[in-house]
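Asker: Listed below are the residues making up each chain.
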Amino acid sequence: MKQKISFVGILLGLISAPLALADQLNMRRGVTDISGQVYDLHMTILWICIAMGVVVFGVMFWSIIHHRRSAGHEAAQFHGSTKLELTWTIVPTLILVAMAIPATQTLIAMYDTGGEDMTVEVRGYQWKWQYKYLDDDYNNTFGFFSTLATPQDEIRNQSNKGEHYLLEVDNALRIPTNRKVRFLITAEDVIHAWWVPDFGIKRDAIPGMLNELWTIVEEPGVYRGQCTELCGKDHGFMPVVVEVLEEAEFDAWYAQEMANESIRQEALSKTFTHEELMAQGEEVYGTFCASCHQPNGQGLPPVFPSLVGTTVVTGPRDEHIKLVIDGVNGSAMQAFGKQLDAAQLGAVVHYERHAWGNNAGDITQPRDVLELSGQ
Amino acid sequence: MSEVIHAGHQDSDHGSDHDHGPDKGLARWLFTTNHKDIGTLYLWFSFAMLFIGGIMALVIRTELFQPGLQFVDPAFFNQMTTNHGLIMVFGAIMPAFVGLANWLLPMQVGAPDMALPRMNNLSFWILPFAFGMMLSTLFMEGGGPNFGWTFYAPLSTTYAPDSVTFFIFAVHMMGASSIMGSINIIATILNMRAPGMTLMKMPLFVWTWLITAYLLIAVMPVLAGAVTMMLFDIHFGTSFFNAAGGGDPVMFQHIFWFFGHPEVYIMILPAFGIVSHIIPAFARKPLFGYDSMVYAVASIAFLSFIVWAHHMFTVGMPLAGQLFFMYSTMLIAIPTGVKVFNWTATMWQGSMSFETPMLFAIAFVVLFTIGGFSGLMLAITPADYQYHDTYFVVAHFHYVLVPGALFSIIAAVYFWFPKWTGKMYNETMGKAHFWLSFIGVNVTFFPQHFSGLAGMPRRIPDYALQFADFNMISSIGAFIFGFSQLVFLYVIIHGIRKGKPAKARAWEGARGLEWTLPSPAPYHSFTQPPHVPDAEVQG
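Quick note, the sequences are listed as chains A and B, same order.
Position 173 of the first sequence, counted from 1, bears residue number 173 in the working numbering, the numbering being contiguous throughout.
Position 363 of the second sequence, counted from 1, bears residue number 363 in the working numbering, the numbering being contiguous throughout.
None of these hints come from the bench; they were simulated from the model.
Keep in mind it's a predicted model, so treat the numbers as computed, not measured.
Even glycine gets a Cβ: it sits at the ideal position worked out from N, Cα and C.
Hints are supplied without guarantee of correctness; some may be wrong.
[Stated by the list, open to error] One side of the interface only, derived from the structure: several residues of chain B facing chain A at Cβ under 10 Å:
(1) Pro154
(2) Phe373
(3) Ala506
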C-alpha cells in the first residue's frame, strides 16, 4: 500500500504506469454474451475514431510542418471546394450508418427481457442495496441487504487496504450460472444505478419506477461493480457484488435459505419466552443498533440518544415499537420496519426494554409488531 | 440605425467631432453602459470564477490523489464537485463568452455599441449577486448544493440541504442575466450591422453568437421552469418530481437535459467562431468553406434540441426512444466533422506562423476533436451503458470544455488583446502559458479515459485500488494546469502595464472590421457606419 508517496515514487509511477496497467487501459470484455457484444462495439467505434484521428491529425501535422511561414511557404488563396465538402459529409455518414447497424442489433438483444428462469428485485437505499428473490414460496419475503464490508479503518487510512477495497460487501447477491436472471430495479429514496461491468448491464434505480435488466452468466465467480448515480454522501461506498455459483451449488444454497426462511416465517406466529427474546434481541441489536446506540445502550448523546432508563424504553411499549418501525424523520434513526421482520423487531424492542438494567416488565411478541405495522 | 443613436447621444452633451471617455473611478464600472467596459467586467468576473472553480477542482484532485479519505469528508467532497461544475459552466465559461461578445460584436458588425446598453449593465451586475449568493451557501448550516451540477431530483429536492432555495434563486438570476444578454446580442446583430454587411458576410464569431443567443433564449426558461418546480416541491407540497406523490423523477431529467444539451452547445458554438477567426489569420489564408461553416453551426444548433435523452440512456426508456436518441446523436458527428475538416483545409497550403493564439486554436481543434470522438463513442447506446457515469464521461466533457471552450476563450484573449488594450502581451510568456496548459490538461484528463473504462464511477470521493495510478497522474496534471493559469494572469497584467504598443492590425493576417479601428479601439467603436470592404469579410 502506498501510504507514503515520495517524489521518486511518483516519477516511477508516471513511467511505469502505462506498462504495468496494460490490462487496465481498456474496457473489460466481461463474461456474458452481451458484454462481449458491447466490448466489440466499443472496439469498433474506438478504431473508427482512431483511424479518423490519424487521417485528420496526419493532414494537419503534415501541413503544420510543411506549410509554415518559417519554412518559406507561400499561402494559397483557395477557400472552398464543393467536391471535398460533399466527400467529407457523405463518407462520415456512411461510416455512421455502418456503425449504427451492429449497435442497433446489440440494443435489441439487450431488450429481450422475456423467458427468465428467475427474478431478483434490486432496490437501492442510501447507501446499500437490497436483493429480493421473487420466486420463493413465501410471498416474496426472502431477501437481504448488501452493504459495504470495507472497515472504516481502511477508509481512514489507519490500516492497510485489502485487495477488494470498497468493492466488498457483507452479503453478495447470489445467482446461478446458465440461467436467465431477470432483475427488477428500483429505489427507496433517491436515484441510484446498479452496474455490473462484467455483465455489460447498468440501469438506474429510480424511486417509483421498475426498470428491467437480464443476464445469463456462464462463468462462476465474484463480479464487482458500484453505484453509478450520485445518491448523496456515501455514493462512493455502496458497491455491487454478485457471486455467480454453479447451478447445483446455487440450488443447494437456495434450498438452505428457503429452509431458514420457513423457520423465520414460523417465528412470526410463535410466542417466545423472555429468555428467547433477550437472546434473539441481543443479536439483532448488535447488528443493527449498536453502532449508534453503542453495545452498552448509552449511545453517543446528543446525536445518538442513550437507551438506558430513557422515556422511550420506560414509556408505552407500542410507542417504542412504532418508533423503531418508522424511524425518526430528519435524524439518523432509520425506519427499520423495512429492514427487519416482525420477529426481529419484537425481539430487539423487548431486549432494549430489559437490557442494561432497564426493566419495563412487559413482553413484546412478533404479533404485537405485526398488529402495529398493519400486517 | 447607428447614425440615429450616434446623433441622439451626441446632441445633448458633446460636439460631434470627438469622443467622450469613460467616467472616473468606481462609478465608471457600476453605471457603465459601454460595451467595452461591460465586456471587461464580464471577462474579469469570469476569470475570478475560473480561479474559484479551479480551487474547488484542486480540492477534488487533492482528495483523489490517493485512495482513502485524507483531506475532506464525502459530504464536503460532493459540495466541491457540484459547485465546481456550476461555477465553471455558469460563472466562468458562459460569462467569458458574453464578455467576448460585448467587446467584439459592435466592432465586428461596425456599430458604436450594443443595441441595449442599459440592459447590458443590468445583465452583468446581476451576476456577482447570483454567484455571491450561491457561494454563500457553502457556509450555511447543512452546506451548499451537494447533488451534482445536474441536480437530479429527488436528491436535490426531498433530500437536499436547506440552502437549496438559495441555489434555486441564484439559478433564476443567472438565467435572467443570460436571457437579457442574448436579447441584446440578437438585437445588436440584427439591427446594427454596417450597410453592406449582409448575413452571409458576417464574421463567424457573430454568426455563432447569433445562433447561441437563440439557443439561450430557447432553453434558459426551461431551466427556470425546472428549478421553479423544485422550489414548489420543496416548499409548497407539490410532487412534480416526487414519486410518492405521483410525480416522476425521470421527468426532471428530461426537462433538465432539454435545457442541458443545448447548454453544452451554448458553451462551444462561440468557440467555433473564435477558432474560425484565428486559424485563417495565422495561416494567412481565407477560411475554407465559410458557407458550410455557417450551415454546420445551424445544423448543430437544431440537432441540440433533439438529442437530450442521450444523457439518460440508463433511465430505462423504451427501445424506440433509445434508438431515436442514438441515431440523432450520431448525426451530430457530421456537421461537427465538417467544421474540423474545414479548419484543417484552412491550414492546408497556408503560410502558418504559431503565435500564442494560433497555438491555442490548433490545440483546440485537436483536443476538441478527441472530445468529439469520445462523444461519438458515448452515442453508441449499448456501449454507453458501460461508459455512463464513469470517468470516461468526465474525460469526455472536460476535453470539450477545457481544451475546447476554455482554450478558445484564452486564444481569443491573446488574439484580441492588442485591440482591447493597444499593447502587445509578452509572446514568450504566452507560449510558456500555452505549453504548460497543454501538458497539464492532457496529463489531467487523458488518464481519466482509462480509469473510466476500467470502471471508476464519477463523483466518488474514494476509489478502489486499481484506479490509484491514473488518479495520481490526473491529480499531478491538475496542479500543473491550475497553477499555469497564474502565468496567464501574469501575462495579462504585464501586457496591460508594460506591453509594447500594438498596431491597428496587430496580426498581419487578421481580417475583420475591428482591425480597421486603431488599437486600443476608441471608446465608442464606430461612431459612423463604416464602409465594409470585401477584404475584411469572411464570406
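Asker: Would you mind marking each hint as holding or not holding in the structure?
Answerer: A quick look at each hint next to the structure:
no.	hint	in the structure
1	Pro154	5 Å, holds
2	Phe373	4 Å, holds
3	Ala506	17 Å, violated
When each numbered hint is compared with the structure, a violation occurs for hint 3 only.
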